[in-house]
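Whenever a hint applies, use it, and build me the whole structure from the sequences.
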Amino acid sequence: MAGIEVTALHKRYPDGTVAVDHVDLSIGDGELFVMLGPSGCGKTTTLRAIAGLERQTTGDIRIGNTLVNDLPPAERDIAMVFQFYALYPHLRTRDNLAFPLRAEGLPKAEVRERVDAAARLMRLGSLLDRRPRRLSGGEQQRVALARALVRRPRAFLMDEPLTNLDAELRADMRTEIKHLQGELGTTMVYVTHDQVEAMSLGHRIAILNKGRVEQIGTPLEVYERPASLFCAAFIGSPPMNLIEVEVADGKLRSQGGLVLTPPPGLPRDRCLLAGVRPEALEVTEPGAEGSVPARVVSAEWLGDEIIYVVDHGDQRDVRVRMPPTGRFAVDARVGLRHTGGTPAVYDVSTEELVA
Amino acid sequence: MAVSVNEAVSTGPVRDHPPGARRLGGRSRSILEVALLAVLAVVMLFPVLWMIETSIKENRDVYAIPAKFVDFQVTSEHFKDVFVASGGGRSALSVSFLNSVLVAGVSTVLATVLGVPAAWAYSRFAVKAKKDQLFFILSTRFMPPVVVVVPIFLMYRQVGLIDTKLGLILIYAAFNLPFTIWMMKGFVDEVPAEYEDAAMLDGYTRLQAFWRFTLPLLVPGIAATAVFALIFSWNEFVFAIFLTSSDNVRTAPPAIAGLIGGTTVDWGLVAAASVVCALPVFVFAYLVRKHLVAGVTLGAVRR
Ligand SMILES: Nc1ncnc2c1ncn2[C@@H]1O[C@H](COP(=O)(O)OP(=O)(O)OP(=O)(O)O)[C@@H](O)[C@H]1O
Ligand SMILES: [Mg+2]
Numbered sequence: 001m002a003g004i005e006v007t008a009l010h011k012r013y014p015d016g017t018v019a020v021d022h023v024d025l026s027i028g029d030g031e032l033f034v035m036l037g038p039s040g041c042g043k044t045t046t047l048r049a050i051a052g053l054e055r056q057t058t059g060d061i062r063i064g065n066t067l068v069n070d071l072p073p074a075e076r077d078i079a080m081v082f083q084f085y086a087l088y089p090h091l092r093t094r095d096n097l098a099f100p101l102r103a104e105g106l107p108k109a110e111v112r113e114r115v116d117a118a119a120r121l122m123r124l125g126s127l128l129d130r131r132p133r134r135l136s137g138g139e140q141q142r143v144a145l146a147r148a149l150v151r152r153p154r155a156f157l158m159d160e161p162l163t164n165l166d167a168e169l170r171a172d173m174r175t176e177i178k179h180l181q182g183e184l185g186t187t188m189v190y191v192t193h194d195q196v197e198a199m200s201l202g203h204r205i206a207i208l209n210k211g212r213v214e215q216i217g218t219p220l221e222v223y224e225r226p227a228s229l230f231c232a233a234f235i236g237s238p239p240m241n242l243i244e245v246e247v248a249d250g251k252l253r254s255q256g257g258l259v260l261t262p263p264p265g266l267p268r269d270r271c272l273l274a275g276v277r278p279e280a281l282e283v284t285e286p287g288a289e290g291s292v293p294a295r296v297v298s299a300e301w302l303g304d305e306i307i308y309v310v311d312h313g314d315q316r317d318v319r320v321r322m323p324p325t326g327r328f329a330v331d332a333r334v335g336l337r338h339t340g341g342t343p344a345v346y347d348v349s350t351e352e353l354v355a
Numbered sequence: 001m002a003v004s005v006n007e008a009v010s011t012g013p014v015r016d017h018p019p020g021a022r023r024l025g026g027r028s029r030s031i032l033e034v035a036l037l038a039v040l041a042v043v044m045l046f047p048v049l050w051m052i053e054t055s056i057k058e059n060r061d062v063y064a065i066p067a068k069f070v071d072f073q074v075t076s077e078h079f080k081d082v083f084v085a086s087g088g089g090r091s092a093l094s095v096s097f098l099n100s101v102l103v104a105g106v107s108t109v110l111a112t113v114l115g116v117p118a119a120w121a122y123s124r125f126a127v128k129a130k131k132d133q134l135f136f137i138l139s140t141r142f143m144p145p146v147v148v149v150v151p152i153f154l155m156y157r158q159v160g161l162i163d164t165k166l167g168l169i170l171i172y173a174a175f176n177l178p179f180t181i182w183m184m185k186g187f188v189d190e191v192p193a194e195y196e197d198a199a200m201l202d203g204y205t206r207l208q209a210f211w212r213f214t215l216p217l218l219v220p221g222i223a224a225t226a227v228f229a230l231i232f233s234w235n236e237f238v239f240a241i242f243l244t245s246s247d248n249v250r251t252a253p254p255a256i257a258g259l260i261g262g263t264t265v266d267w268g269l270v271a272a273a274s275v276v277c278a279l280p281v282f283v284f285a286y287l288v289r290k291h292l293v294a295g296v297t298l299g300a301v302r303r
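Chains as they are written, first to last, in the working numbering: chain S, 1 to 355; chain R, 1 to 303.
Any given hint could turn out to be false.
[Said to hold, decoys possible] A short, non-exhaustive set of chain S residues, derived as facing chain R with CB atoms under 10 Å:
| no. | residue |
| --- | --- |
| 1 | Ala74 |
| 2 | Arg76 |
| 3 | Asp77 |
| 4 | Gly105 |
| 5 | Ala109 |
| 6 | Glu110 |
| 7 | Cys271 |
Hint data in this document are derived by calculation from the structure and do not stem from the laboratory. Yeah, the Cβ is synthetic: ideal placement off N, Cα and C, and Gly gets one too.
Here it is, written out as structure tokens:
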């Protein structure tokens, strides 16, 4: 097992596409590290560079303490699970699992033992003699995972391994992967564009955008204090409300009259945006204490919660997440109140978190 | 979509016709179709049928006037003549068939062995000016053989490849290579590169990954492609007649053509030899019938 260090990674494809502009990652030994970002931001490319399937244009990659820039994938001792599982179609499950071990030249008895152990772990017992075509998506996924862990590699790389599964199975597999990783304690780099997956799995999350790292942090940090406007808009569903504010009398004031507690150390004379999560706001009866007058523009009832879009005289409408009790009608006159703590504040010009 | 006046004006009953039957009445249309197809079939198949008939007719029935279609004497003499010389021993024709087998077989193997890895490389790697290269490769097939046969004849004379089986093998392999690359590229494109990626992570080198994982998946495609190459080499006439002359080098097509042109032509023998020559092509064409259309579009294989 080993940590992974990626330094100043840059990858330009022969056709001129810069897939990865500049990426630094420091992934700890035994960590479950998630790379999250929109489609085309360079997640797969970064992962493939770590695996050695793609040669980076510049930058260094270290696995453990070894510089692996010039090592072929076979010598990096890493296992990868692909979005499309890449199980060898002409081999039975058993042989699919055994193949990497035979490549290492392990004795037959040990191969059988390890295959059986992995099969037990992933509950593949009855599937061992089937070919991939006769397995369901979830089963193929389990076989792919088993094939990755049968080798006991130094690290796992996962490229959106759950995308092809339906929602329920995805949730199950997510739990399973998290549990497995904890059990084995093997470093895992997990790529996804699904923020729920990222939040629930990752010890730490790196948010990538256009080939650059926007933020690295624990799920909580990433959620509570997105490092940039991009992260603020990317994480959370619905995302953070970004409200234009001014500093006056030691308070942050929006055009619509909302008053927020400022974080310490705010710069003066700059255009600022306060990031307020939908659950840090509350729709109240009109004129309730501490509320500003507002109007419900629309309401989306999601079963366990309601998302209100509310106009409170600001340029932008805000979204408010509320429990499904106490419904307000569309167009109703209501109050809007901030109930959260200190908001994250962004500079409009640099698009970065200022405090 | 064209809406006929009929349909636009009237309601109800017209809609009951199947969609294709609007312009002509359903019945007259299908009669016309069948008639046209029948004429076409007769025109295409009659020579083949006549060839097969002639190959099993007694000589006097072959030359009978008016021609006999049904009540002729059946014989296997002609087929015997194809393989056995008049004085006993091997006939020149049978030698030419063996030559054809050798030349077509080896040239196909050569084109496949070179073409499949090339197709793989074009499919998997970022090659400079890939499209231009592929177009150039294809363009070598644009011209008919007869255009290049004279320069090739001159070159072959210089290097001593005239009238050798090796010469034919090389030229056929060269002609089949572009076809093999294009058709195989289509097949390789369909095998996800992830198989090789996975194999490389599992500890194999790139070549091993290709050899052990991609190649087995390509076998049906390789078989289909090889059959096309085989049929081309087997049927090839222009190069064969220009580049070879002696009986022990000649392939079957020029050898059969050589039967015609004396003072008397043994049509029974010509027909029997043609049947023998056509047989493998029939068999092979049957084997790859699914791929025939794909092959015609040269590698643009989409399933
Ligand atoms: N082989 C290639 N040649 C040229 N450009 C490529 C190649 N592979 C990827 N790209 C480009 O590089 C960029 C990043 O691709 P990458 O596959 O890393 O994105 P990703 O973050 O994994 O996206 P997704 O979530 O859709 O999988 C994209 O703009 C893509 O078009
Ligand atoms: Mg990707």
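| task | Let me know if the C-beta of S/Gly105 comes in closer than 10 Å to any C-beta of chain R, holds or violated. | result | At about 9 Å, which falls below the 10 Å cut-off, the nearest Cβ of chain R leaves the hint on S/Gly105 intact, so it holds.
| With 10 Å as the cut and Cβ atoms as the points, is S/Glu110 at the interface with chain R? | 15 Å, violated
| message | Just to be careful: measuring from the Cβ of S/Arg76 to every Cβ in chain R, is the smallest value less than 10 Å? | response | 8 Å, holds
| Hint validity - S/Asp77 Cβ closer than 10 Å to any chain R Cβ | OK, holds: S/Asp77 within 10 Å of chain R, min 9 Å.
| task | Please verify that hint: S/Cys271, Cβ, nearest Cβ of chain R, below 10 Å or not. | result | 45 Å, violated
| Any CB of chain R closer than 10 Å to the CB of S/Ala74? | 4 Å, holds
| field | Hint check: 10 Å Cβ-Cβ cutoff, S/Ala109 to chain R | value | Hint on S/Ala109: violated, closest Cβ of chain R at ~19 Å, above 10 Å.
Comparing the model with each numbered hint stated earlier shows that hints 5, 6 and 7 do not hold.
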